[in-house]
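Letter by letter, the chains look like this.
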Amino acid sequence: MDAAAIHAALVQRFGERITGASLDAGSPFAIVATDAIAEVAAFCKVDPALALDNLMCLSAVDYPKETPPRMEVVYHLFSYRHLHTFALKVQLPRESPAVPTLEGVWGVANWHEREAWDLFGILFTGHSDMRRILLPDDWEGHPLRKDWQDPEYYNGLHVKPTPQMMERALAGETIGVGPFDFTPENKHVEEP
Amino acid sequence: MSAASPTGFVSDWDQDGLDTDEMVVNMGPQHPATHGVLRVELRTDGEVVRAARPHIGYLHRCFEKHCENVDYPGVMPYADRMDYCAAMGNTLGFALTVEKLCGIEVSPYVQTVRVIMAELQRIASHTIAVGTYTMDIGAFTPFLHLIRDREKILDLFEWTCGARLLYNYNWVGGVSHDLPDGFIRATRDFLREFETVTFPELLDLIIHNRIFVRRLSHVGVCSPELAISYDLTGPNLRGSGIARDLRKDFPYSGYESYDFDVCVGTGQYGPKGSCFERNWVRVVEMRESAKILHQALDRLEKTEKADVHEKVPKRVKPPKGEIYFRSEAPRGQLGYYLVSDGNINPYRVKVKSPCFTAMSVFHHLAKGMLIADVIALIGSLDIVLGEIDR
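Just so you know, the protein sequences line up as chains A and B, in that order.
Okay, so the first sequence: first residue is 1 according to the numbering used here, each after it adds one.
Okay, so the second sequence: first residue is 1001 according to the numbering used here, each after it adds one.
Heads up, a few of these hints could be off.
[What the hints assert, rightly or not] Below, computed lysine-lysine pairings styled on BS3-like, alpha-carbon distance capped at 25 angstroms: (1) B:1100 <-> B:1248; (2) A:65 <-> B:1065; (3) B:1248 <-> A:65; (4) B:1367 <-> B:1100; (5) A:146 <-> B:1317; (6) A:160 <-> B:1065; (7) B:1065 <-> B:1100; (8) B:1100 <-> A:89; (9) A:45 <-> B:1248.
Rather than coming from a laboratory, the hints here were simulated on the basis of the structure.
For clarity, every value in this text was computed on a predicted model and none was experimentally measured.
Just chain A, with the same shape it has in the complex (with noise of 0.2 angstroms):
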């Protein structure tokens, strides 16, 4: 099935609880109300016309600027007998955001969920273990959100630029390559 009818099917089975959809051809997707997402990943598993066994990936983007401010959950799906991709989305508020967990449907969904809860703060209800995954079990906050903001101090230990060094920078001083060169300015980057 191409992504205009996987669409239809879903939207034929839950009507209003796919808010939208985007299905130009590089990545269709359809939105999927927060509260429906178990049923709907559940259904795309089961239905044989659908099929679709995989979850090939699960990311979090956090969209701070758009309006309204949102977080995004990704699922991609694959399909082992029908050799058919799509992606479901599910929109979240920033402050406090949670999405029930879909580690029942695809057992590979709980360490990507570990993980967009580590790295984006986003609980999934109902997970049965719900830890951090790469990040040290006692690490604050949530680094891939985009107001996140490099803490001063880990565990006593000085983590910032010094004075020191923000003093040899002003100066002309290149101190660190790339995401480390803490010149005022980026000189690696071009501004368009």
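Guided by the hints, dock chain B onto chain A, whose structure is given.
For chain B alone, kept in the frame of chain A given last:
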């Protein structure tokens, strides 16, 4: 064992059934068999593993955060450092993702060069996977044989782009260096030696070795349903008997024009999906890669050399949009989810790493195993911690 003596006294030694306490054992993070810094918490009852809990993140280097702060060509060296045993595959995936978003079509010459590099890398990666695996389960010699051949591939890479491990070779819109003169002949020499010496040696010494087969053919069996649910890909999936390969199903870089077979576990010595099958698939896949390489070299001899920088944009600035693209890296499907806001930095890059998902099924397979088999299982999933932790 008799339970009680006629006097009614029960000795410690004569109890019916042995009671043992469960014990929690930490395997790692500095354990030689975990292929990097992986800690596995095992709840053991004697030698039997009752539950396993992997802890990852010791090698987390904030790849996705870095990507948001550098421009697209600047991502490439970071992508190299994810799966450091197969760096060509990582950068190829990212280059293809960005090219697809930008609408760049590279020339057939560059495509062929990329295929050659990717397949050489696949052989190199599988040799190290199988070699270190035999070392995990107690045989040292095959490792040396395989490392010897991997060195020859690394020499070819060094000759081409100057680096042996982390190449920064695939660029958006091209590759960094053209192949040097004589590369085709040198690669053919390598292939001849690989096919006549190493490969038969590998089959005799390891794969059809009675000890190897009987050690592994019933260990760590992963059913196809479990493999799909936990998104195992690449040789791990094909070992479970599912013949799916992106190079065949969704070809990229001109893979559709090469003649090769998708290697799949046959269950010749035991159930499909065992540790043996996963390794067997890796070994026969090397032969298929050699087959692709021969065809690619033939093609290269017939085509005119082209400028490998022809399509490299001065400034990579994809239009606003998003894309999910996956390619068949040596360890499985490597997916990039890329969101662009029309700027020169990516807005968001998410990597779906095949090792990450392979590790997430580990606790399922390890339940009820012997501790010695846990080592065999970790090795057979062929994980690289640099890619799991990113």
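Regarding the pair residue 65 of chain A and residue 1065 of chain B, is the alpha-carbon distance no greater than 25 angstroms?
-> Judged against 25 angstroms, a Cα distance of about 18 angstroms means the pair holds.
Given the proposed pairing of residue 45 of chain A with residue 1248 of chain B, does the C-alpha separation stay at or below 25 angstroms?
-> OK: residue 45 of chain A and residue 1248 of chain B at ~24 angstroms, within 25 angstroms.
Would you check the hint for residue 146 of chain A and residue 1317 of chain B, treating anything up to 25 angstroms between C-alpha atoms as holding?
-> Roughly 20 angstroms separates the two Cα atoms, so the pair holds.
25 angstroms limit on alpha-carbon distance, applied to hinted pair residue 160 of chain A and residue 1065 of chain B | Status holds; Cα separation ~17 angstroms.
Could you grab the alpha-carbon distance between residue 1065 of chain B and residue 1100 of chain B and see if it respects the 25 angstroms cut-off?
-> Holds: residue 1065 of chain B and residue 1100 of chain B sit about 22 angstroms apart, inside 25 angstroms.
Is residue 1100 of chain B close enough to residue 89 of chain A, meaning Cα to Cα at most 25 angstroms?
-> 22 angstroms, holds
Take the C-alpha atoms of residue 1100 of chain B and residue 1248 of chain B, compute the straight-line distance between them, and say whether it is at most 25 angstroms.
-> 19 angstroms, holds
Below or equal to 25 angstroms on CA atoms is what counts here, so check residue 1248 of chain B against residue 65 of chain A.
-> Not OK: residue 1248 of chain B and residue 65 of chain A at ~41 angstroms, beyond 25 angstroms, violated.
Are residue 1367 of chain B and residue 1100 of chain B close enough, with their CA atoms no more than 25 angstroms apart?
-> 42 angstroms, violated
Checked against the numbered hints above, the structure violates hints 3 and 4; every other hint is satisfied.
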